[in-house]
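Undergrad: From just these sequences and the hints, can you work out the full model?
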Amino acid sequence: MEYGPIGAGLAIGLAGIGSGIGLGLGTAAAMSALGRNPEAENTVRPNMIVALGLTEAIGIYGFLIGLFLALGLGA
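Residues -5 to 69 in this note's numbering are what the sequence shown spells out, letter by letter.
Note that these hints are calculated values from the structure, not bench results.
Bear in mind the structure is a predicted one, so any value in this text is a computation, not a measurement.
Glycine included, C-beta positions come from ideal geometry on N, C-alpha and C.
Be aware that one or more of the hints could be misleading.
The following label-pair restraints were derived from C-beta to C-beta distances [unchecked claim]: (1) Gly66 with Asn41: 33 to 43 angstroms; (2) Glu33 with Gly1: 46 to 56 angstroms; (3) Gly66 with Glu35: 39 to 49 angstroms; (4) Leu67 with Ile11: 21 to 31 angstroms; (5) Pro32 with Gly3: 39 to 49 angstroms; (6) Ile43 with Gly10: 18 to 28 angstroms; (7) Ala34 with Gly1: 42 to 52 angstroms; (8) Gly12 with Ile43: 18 to 28 angstroms.
TA: Put into structure tokens, the structure is as follows:
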């Protein structure tokens, strides 16, 4: 039995769910911080953008791993 497509689906799905939750929590925390202290926008915004970019990279890595598994480019 071939497990590549199952692994690919799990890799893409779980990475997408995880990065989506991380993006939502990170954005909610940043907006909450800006709501409490609007003067901190110049400090919070760049940090939020970097953190969201790193979180999104996890989803991209999961997609690439799933693609490699689906195409049989693994080992």
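Undergrad: Kindly indicate which numbered hints from before are broken by the structure, ordering the numbers from low to high.
TA: Result: no hint breaks.
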